[in-house]
Amino acid sequence: ELDVAKELQAMVLPHTAELSSVVDLDVAAFMSPADEVGGDYYDFLPAPGGLVKIGIGDVSGHGLQSGVVMLMVQTAVRTLWLSGLRDREQFLGLVNRLLFENIQRLDSHRSMTLSLLDYRGEGQFSITGQHEEMLILRNNGKVERMDTVALGMPLALDLEIEPFLDTVELELAPGECLLLHTDGITEAENPARELYGLDRLAAIALEHRALGADAMVQAIIADVEAFMGSQVVFDDITLMVIKRR
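Residues in the sequence shown are numbered consecutively from 77, following the numbering used here.
Accuracy of the hints is not assured; some may be wrong.
What the hints assert, rightly or not - Quick list of the computed label-pair ranges, beta carbon to beta carbon:
id, residue 1, residue 2, range
1, V80, Q200, 13 to 23 Å
2, K218, R181, 41 to 51 Å
3, S159, D79, 25 to 35 Å
4, V244, T155, 19 to 29 Å
5, P124, T92, 31 to 41 Å
Treat the hints as calculated values from the structure; they're not laboratory data. We treat Cβ as the ideally placed atom computed from N, Cα and C, and that holds for glycine.
Could you put the whole structure together from the sequences, leaning on the hints where they help?
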(Lines of atoms letter the chains of each structure in order from A and count residues from 1; the text may use other names and numbers.)
(Lines give C-alpha, C1' and ligand atoms only; values in the text may rest on other atoms or scores of the structure.)
Protein backbone atom coordinates (compact mmCIF):
# COMPACT_ATOMS: atom_id res chain seq x y z
CA GLU A 1 0.00 0.00 0.00
CA LEU A 2 2.86 2.38 0.80
CA ASP A 3 4.52 1.58 -2.53
CA VAL A 4 1.29 2.32 -4.40
CA ALA A 5 0.81 5.62 -2.55
CA LYS A 6 4.43 6.61 -3.21
CA GLU A 7 4.04 5.85 -6.91
CA LEU A 8 0.80 7.85 -7.11
CA GLN A 9 2.45 10.80 -5.40
CA ALA A 10 5.40 10.75 -7.80
CA MET A 11 3.05 10.53 -10.78
CA VAL A 12 1.28 13.81 -9.95
CA LEU A 13 4.46 15.88 -9.56
CA PRO A 14 5.04 18.25 -12.51
CA HIS A 15 7.11 16.83 -15.35
CA THR A 16 10.20 18.53 -16.73
CA ALA A 17 8.23 19.55 -19.84
CA GLU A 18 5.76 21.48 -17.65
CA LEU A 19 8.52 23.20 -15.68
CA SER A 20 10.16 24.31 -18.94
CA SER A 21 6.93 25.39 -20.65
CA VAL A 22 7.14 29.09 -19.73
CA VAL A 23 9.50 30.88 -22.11
CA ASP A 24 10.77 33.56 -19.73
CA LEU A 25 11.28 31.27 -16.70
CA ASP A 26 14.00 28.68 -15.99
CA VAL A 27 12.50 26.31 -13.39
CA ALA A 28 13.76 23.17 -11.67
CA ALA A 29 12.53 21.24 -8.63
CA PHE A 30 13.54 18.38 -6.33
CA MET A 31 11.64 16.37 -3.73
CA SER A 32 12.83 13.50 -1.56
CA PRO A 33 10.54 11.97 1.09
CA ALA A 34 11.88 11.02 4.51
CA ASP A 35 9.58 8.01 4.60
CA GLU A 36 8.07 5.83 1.89
CA VAL A 37 5.50 8.59 1.35
CA GLY A 38 6.06 12.30 1.96
CA GLY A 39 3.88 15.20 3.00
CA ASP A 40 5.65 17.87 0.93
CA TYR A 41 3.82 19.43 -2.01
CA TYR A 42 4.85 21.46 -5.01
CA ASP A 43 3.23 22.05 -8.38
CA PHE A 44 3.59 24.13 -11.54
CA LEU A 45 0.41 24.62 -13.55
CA PRO A 46 0.59 26.63 -16.80
CA ALA A 47 -2.65 27.95 -18.29
CA PRO A 48 -3.60 29.59 -21.59
CA GLY A 49 -2.59 33.23 -21.83
CA GLY A 50 0.76 32.75 -20.09
CA LEU A 51 -0.57 32.46 -16.54
CA VAL A 52 1.02 29.93 -14.18
CA LYS A 53 -0.10 28.71 -10.74
CA ILE A 54 2.85 27.60 -8.59
CA GLY A 55 2.38 25.87 -5.25
CA ILE A 56 4.69 24.97 -2.36
CA GLY A 57 3.47 23.39 0.88
CA ASP A 58 4.12 20.98 3.71
CA VAL A 59 1.70 18.66 5.49
CA SER A 60 2.40 18.18 9.19
CA GLY A 61 4.15 14.87 9.81
CA HIS A 62 4.98 12.36 7.08
CA GLY A 63 4.08 8.84 6.12
CA LEU A 64 0.99 7.44 4.43
CA GLN A 65 -1.60 9.81 5.92
CA SER A 66 0.41 12.93 5.09
CA GLY A 67 0.92 11.63 1.56
CA VAL A 68 -2.85 11.20 1.15
CA VAL A 69 -3.43 14.78 2.35
CA MET A 70 -0.82 16.01 -0.14
CA LEU A 71 -2.69 14.23 -2.95
CA MET A 72 -5.97 15.84 -1.83
CA VAL A 73 -4.41 19.30 -2.07
CA GLN A 74 -2.79 18.60 -5.45
CA THR A 75 -6.15 17.49 -6.85
CA ALA A 76 -8.02 20.47 -5.37
CA VAL A 77 -5.52 23.04 -6.66
CA ARG A 78 -5.42 21.55 -10.17
CA THR A 79 -9.22 21.25 -10.34
CA LEU A 80 -9.86 24.84 -9.26
CA TRP A 81 -7.18 26.15 -11.62
CA LEU A 82 -8.61 24.24 -14.58
CA SER A 83 -12.11 25.45 -13.66
CA GLY A 84 -10.96 29.02 -14.35
CA LEU A 85 -11.13 30.39 -10.79
CA ARG A 86 -8.62 33.25 -10.62
CA ASP A 87 -9.52 35.08 -7.40
CA ARG A 88 -6.48 34.18 -5.30
CA GLU A 89 -7.96 34.40 -1.82
CA GLN A 90 -11.20 32.67 -2.78
CA PHE A 91 -9.09 29.98 -4.45
CA LEU A 92 -7.03 29.25 -1.33
CA GLY A 93 -10.14 29.48 0.86
CA LEU A 94 -11.83 26.72 -1.17
CA VAL A 95 -8.74 24.51 -1.00
CA ASN A 96 -8.79 24.94 2.78
CA ARG A 97 -12.50 24.12 3.03
CA LEU A 98 -12.07 20.88 1.09
CA LEU A 99 -9.03 19.89 3.15
CA PHE A 100 -10.72 20.75 6.46
CA GLU A 101 -13.79 18.66 5.69
CA ASN A 102 -11.78 15.68 4.41
CA ILE A 103 -9.49 15.69 7.43
CA GLN A 104 -12.54 15.77 9.69
CA ARG A 105 -13.69 12.61 7.92
CA LEU A 106 -10.29 11.05 8.50
CA ASP A 107 -10.55 11.97 12.18
CA SER A 108 -6.99 13.26 11.82
CA HIS A 109 -5.04 16.19 13.27
CA ARG A 110 -3.08 16.98 10.12
CA SER A 111 -2.66 20.59 8.94
CA MET A 112 -0.69 22.11 6.09
CA THR A 113 1.22 25.24 5.20
CA LEU A 114 0.62 26.34 1.61
CA SER A 115 1.72 29.31 -0.48
CA LEU A 116 0.32 29.76 -3.98
CA LEU A 117 2.05 32.00 -6.51
CA ASP A 118 0.40 33.36 -9.64
CA TYR A 119 2.89 34.23 -12.39
CA ARG A 120 1.58 36.74 -14.94
CA GLY A 121 4.66 37.12 -17.12
CA GLU A 122 7.35 39.82 -17.27
CA GLY A 123 8.68 38.69 -13.88
CA GLN A 124 5.43 39.53 -12.05
CA PHE A 125 4.29 37.23 -9.21
CA SER A 126 1.37 37.45 -6.75
CA ILE A 127 1.85 35.38 -3.59
CA THR A 128 -0.92 34.23 -1.22
CA GLY A 129 -0.84 31.91 1.79
CA GLN A 130 1.52 30.98 4.63
CA HIS A 131 4.58 28.78 4.21
CA GLU A 132 8.35 29.06 4.77
CA GLU A 133 10.34 32.21 4.01
CA MET A 134 11.12 32.62 0.31
CA LEU A 135 14.58 33.67 -0.84
CA ILE A 136 15.02 36.21 -3.65
CA LEU A 137 18.46 36.48 -5.27
CA ARG A 138 18.88 39.94 -6.76
CA ASN A 139 21.26 40.97 -9.53
CA ASN A 140 23.16 43.23 -7.10
CA GLY A 141 24.30 40.14 -5.18
CA LYS A 142 21.92 40.61 -2.27
CA VAL A 143 19.51 38.00 -0.91
CA GLU A 144 16.08 39.15 0.23
CA ARG A 145 13.86 37.10 2.52
CA MET A 146 10.11 37.17 2.03
CA ASP A 147 8.24 36.18 5.18
CA THR A 148 4.84 34.64 4.34
CA VAL A 149 3.46 34.37 7.89
CA ALA A 150 1.16 37.37 7.42
CA LEU A 151 -0.23 35.98 4.16
CA GLY A 152 -2.43 33.35 5.78
CA MET A 153 -2.54 30.48 8.27
CA PRO A 154 -2.04 26.72 8.12
CA LEU A 155 -4.82 24.95 6.25
CA ALA A 156 -7.34 22.56 7.83
CA LEU A 157 -7.32 24.24 11.26
CA ASP A 158 -10.59 26.10 10.60
CA LEU A 159 -13.35 25.95 8.01
CA GLU A 160 -13.03 29.62 7.03
CA ILE A 161 -9.63 31.23 6.55
CA GLU A 162 -10.37 34.04 4.06
CA PRO A 163 -10.20 36.80 6.75
CA PHE A 164 -6.60 35.75 7.46
CA LEU A 165 -5.41 35.71 3.84
CA ASP A 166 -3.41 38.40 2.13
CA THR A 167 -1.46 38.78 -1.13
CA VAL A 168 1.88 40.44 -1.86
CA GLU A 169 3.45 41.29 -5.20
CA LEU A 170 6.96 40.31 -6.28
CA GLU A 171 8.93 41.27 -9.38
CA LEU A 172 12.02 39.51 -10.70
CA ALA A 173 14.31 41.25 -13.16
CA PRO A 174 16.00 39.10 -15.85
CA GLY A 175 18.65 36.97 -14.17
CA GLU A 176 17.09 37.17 -10.71
CA CYS A 177 15.98 34.08 -8.87
CA LEU A 178 13.32 32.88 -6.42
CA LEU A 179 13.89 29.89 -4.11
CA LEU A 180 10.98 27.95 -2.61
CA HIS A 181 11.67 25.23 -0.07
CA THR A 182 10.23 23.18 2.77
CA ASP A 183 11.71 22.97 6.26
CA GLY A 184 13.26 19.60 5.46
CA ILE A 185 16.17 21.64 4.10
CA THR A 186 16.57 24.32 6.77
CA GLU A 187 15.97 21.83 9.61
CA ALA A 188 18.25 19.13 8.20
CA GLU A 189 20.72 18.05 10.88
CA ASN A 190 24.36 17.02 10.73
CA PRO A 191 25.78 14.32 13.05
CA ALA A 192 26.43 17.03 15.68
CA ARG A 193 22.68 17.87 15.58
CA GLU A 194 23.32 21.31 14.10
CA LEU A 195 20.70 22.67 11.70
CA TYR A 196 21.44 23.49 8.06
CA GLY A 197 19.55 26.78 8.40
CA LEU A 198 18.32 29.51 6.08
CA ASP A 199 21.62 31.43 6.12
CA ARG A 200 23.53 28.47 4.67
CA LEU A 201 20.81 27.91 2.07
CA ALA A 202 21.04 31.57 1.02
CA ALA A 203 24.84 31.44 0.86
CA ILE A 204 25.04 28.29 -1.28
CA ALA A 205 22.31 29.60 -3.59
CA LEU A 206 24.16 32.90 -4.02
CA GLU A 207 27.40 31.05 -4.73
CA HIS A 208 25.77 29.19 -7.64
CA ARG A 209 23.36 31.86 -8.88
CA ALA A 210 25.10 32.14 -12.27
CA LEU A 211 24.10 28.55 -13.09
CA GLY A 212 20.84 27.43 -14.64
CA ALA A 213 17.98 26.41 -12.36
CA ASP A 214 18.63 22.67 -12.64
CA ALA A 215 22.32 23.02 -11.85
CA MET A 216 21.47 25.29 -8.90
CA VAL A 217 19.09 22.68 -7.50
CA GLN A 218 21.72 19.96 -7.87
CA ALA A 219 24.38 22.09 -6.16
CA ILE A 220 22.12 23.02 -3.24
CA ILE A 221 20.91 19.46 -2.66
CA ALA A 222 24.48 18.16 -2.85
CA ASP A 223 25.46 20.68 -0.16
CA VAL A 224 22.53 19.64 2.06
CA GLU A 225 23.48 15.97 1.70
CA ALA A 226 27.15 16.69 2.43
CA PHE A 227 26.13 18.67 5.52
CA MET A 228 23.95 15.81 6.80
CA GLY A 229 26.58 13.16 6.22
CA SER A 230 25.47 9.96 7.93
CA GLN A 231 22.61 11.62 9.80
CA VAL A 232 19.14 10.15 9.39
CA VAL A 233 16.74 12.11 7.16
CA PHE A 234 14.01 13.21 9.58
CA ASP A 235 11.81 15.19 7.20
CA ASP A 236 10.86 15.44 3.53
CA ILE A 237 13.12 17.70 1.46
CA THR A 238 11.72 19.89 -1.31
CA LEU A 239 13.34 22.68 -3.30
CA MET A 240 12.18 24.72 -6.29
CA VAL A 241 14.34 27.27 -8.11
CA ILE A 242 12.61 29.80 -10.38
CA LYS A 243 14.92 32.01 -12.42
CA ARG A 244 13.82 34.71 -14.82
CA ARG A 245 15.54 34.49 -18.17
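Worksheet item: Regarding S159 and D79, is the given constraint of 25 to 35 Å on their beta-carbon distance met?
Response: holds, 32 Å
Item to complete: Could you check the hint for me, namely that V244 and T155 are 19 to 29 Å apart, CB to CB?
Response: Because 25 Å falls inside the window, the suggested range holds.
Discussion item. Does the beta carbon distance between K218 and R181 stay inside 41 to 51 Å, or does it fall outside?
Written reply: With Cβ atoms ~47 Å apart, the hint holds.
Worksheet entry | Q200 and V80 - C-beta distance against the hinted 13 to 23 Å | violated, 40 Å
Fill in: C-beta pair P124, T92: status relative to the range 31 to 41 Å that was hinted
violated, 21 Å
Of the numbered hints given earlier, the model fails hints 1, 5; all others are met.
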